[in-house]
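Chain residues, written in single-letter form:
Number of protein chains: 2
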Amino acid sequence: MTEPYKIIEVKESVFADNDREAARLRAQLKQDRTFLLNLMSSPGSGKTTTLLRTLETLKDELRIGVMEADIDSDVDAKTIADAGVKSIQLHTGGMCHLDAGMTEQGLKEIGTKNLDLVVLENVGNLVCPAEFDTGAVKNAMILSVPEGHDKPLKYPLIFTVCDALIINKIDVLPYFDFDMEKVVKYAHMRNPKLKIFPLSAKTGEGVDDWCGWLRKQVHEWND
Amino acid sequence: MTEPYKIIEVKESVFADNDREAARLRAQLKQDRTFLLNLMSSPGSGKTTTLLRTLETLKDELRIGVMEADIDSDVDAKTIADAGVKSIQLHTGGMCHLDAGMTEQGLKEIGTKNLDLVVLENVGNLVCPAEFDTGAVKNAMILSVPEGHDKPLKYPLIFTVCDALIINKIDVLPYFDFDMEKVVKYAHMRNPKLKIFPLSAKTGEGVDDWCGWLRKQVHEWND
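Quick note, the sequences are listed as chains A and B, same order. With the first letter of the first sequence counted as 1, position 34 gets the number 34 in my numbering; the numbers rise by one all the way through. With the first letter of the second sequence counted as 1, position 207 gets the number 207 in my numbering; the numbers rise by one all the way through.
Quick caveat, the hints were computed from the structure, so don't treat them as lab data. None of the values given here were measured: they were computed from a predicted structure. Beta carbons are placed, not taken as given, at the ideal position from N, Cα and C, and that holds for glycine. Incorrect hints may have been included.
[To be verified] Output of the computed footprint for chain B on chain A, the stretches with three or more beta carbons under 8 Å from beta carbons of chain B:
(1) 72-82
(2) 122-130
(3) 149-160
[As the list claims (entries may be wrong)] Counterexamples of contact, computed for chain B against chain A with all Cβ distances above 10 Å:
(4) Asp17
(5) Gln28
(6) Asp32
(7) Leu62
(8) Ala83
(9) Ile110
(10) Val137
(11) Glu205
(12) Gly206
(13) Cys211
(14) Arg215
(15) Glu220
(16) Asp223
[Unchecked claim] Some but not every residue of chain A turned toward chain B, in silico, with C-beta under 8 Å:
(17) Ser144
(18) Pro146
(19) Tyr175
Construct the complete structure from the given sequences, taking the supplied hints into account.
Written as structure tokens, this is what we have:
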């Protein structure tokens, strides 16, 4: 039996200058009218569940593909494929992040010409993925309520390089000592332009606002 | 006003062979009768809170020091110092992990001769810290309930290199789709010898079992 998605072993980039490679990839995406979103977070913050909600909202109006990057396993690509969306699994062979060259290997496999939006679900890590421009048009990150409101203080770079911050799992706010005002203040200290979307991928609350922002970005890039 | 803890900027190790450096450091710790615990986890899994509970339980019988490693901020060292325990903050200057050389720089500052137990709270990350032997006598990691039971499938190495796995935040089990049987099965697939301690650092449930294990390790090493 063949799986409904491919597993690609991506190799560390041979390009010495990742920033130049990323810029080249972005220019190619512009020409193909494909928007690439780089989605980052800690392990377990709900990237895949948030993505499922996003696909549910946008899949009838946009042609979407998903690249799931993980060190190992293919549970995420399977979940996305089961939801009826084109997906591939990228295995990084122990690497803790994706660079532009690795992202390009994935894009070649999934094929961008007939896709309006490709979401790259980066390796779960708040540190290393933030250091490498993947060639994405926009970067988004998820911080979930159980992780705590102090994360912008401890992991500054990822908050600086992101355009949007999703605060996930707001349905469990009553059970955690999480201060929404503080997290917004700390995140804006790192990046005053950061758009912040509190939501619950579980209940669906707040998902429309996030999808509205994403839809607008995709149209601005592709039109 | 001086803070009750030092902040040390640790530099990437100059040693080509981290494993040899780690072994050398461990031999030194044996001679000093100091047990070094390397504590790893994702951001927000509750390393500092678990540590506070552990200190509460053990600080009257063991002389303990804590090294808090972070890319930035000193909130954790402050929290530990406020609890009356000797602590220092290690800043990694953007590095996503500590190696043996960096750990040794911290140990020199905190001083091991009069300490029975030093806990190194590594940078919050399930990937990179697992790749570097810090010279610790034992490695422990925390996985918290909101992160999900599939993490041993996605981040295999850290489960393989750890001696103990703390499953934290069991007080919120009713609000999450977390399968304790599955996580134990997946974790033991990676490492059959892994000791697993479900606990809640918030309520204190299960903390005694974890502290019992740690106490025994410290005595076996130091006696």
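Tested hints:
1. 72-82: holds (count 3)
2. 122-130: Answer holds; 6 residues pass the 8 Å Cβ test.
3. 149-160: holds (count 7)
4. Asp17: Per Cβ check, Asp17 of chain B is outside 10 Å of chain A; nearest 19 Å; holds.
5. Gln28: 29 Å, holds
6. Asp32: 30 Å, holds
7. Leu62: Check passes; 27 Å lies beyond 10 Å.
8. Ala83: Holds, since 17 Å exceeds 10 Å.
9. Ile110: 20 Å, holds
10. Val137: 25 Å, holds
11. Glu205: Glu205 of chain B clear of chain A: closest Cβ-Cβ about 15 Å, beyond 10 Å.
12. Gly206: Holds: least Cβ distance 18 Å, greater than 10 Å.
13. Cys211: 23 Å, holds
14. Arg215: Arg215 of chain B is indeed farther than 10 Å from all Cβ atoms of chain A, at 28 Å.
15. Glu220: Glu220 of chain B is indeed farther than 10 Å from all Cβ atoms of chain A, at 32 Å.
16. Asp223: 37 Å, holds
17. Ser144: Status holds, d = 7 Å.
18. Pro146: Holds: closest Cβ of chain B sits about 4 Å from Pro146 of chain A, inside 8 Å.
19. Tyr175: 5 Å, holds
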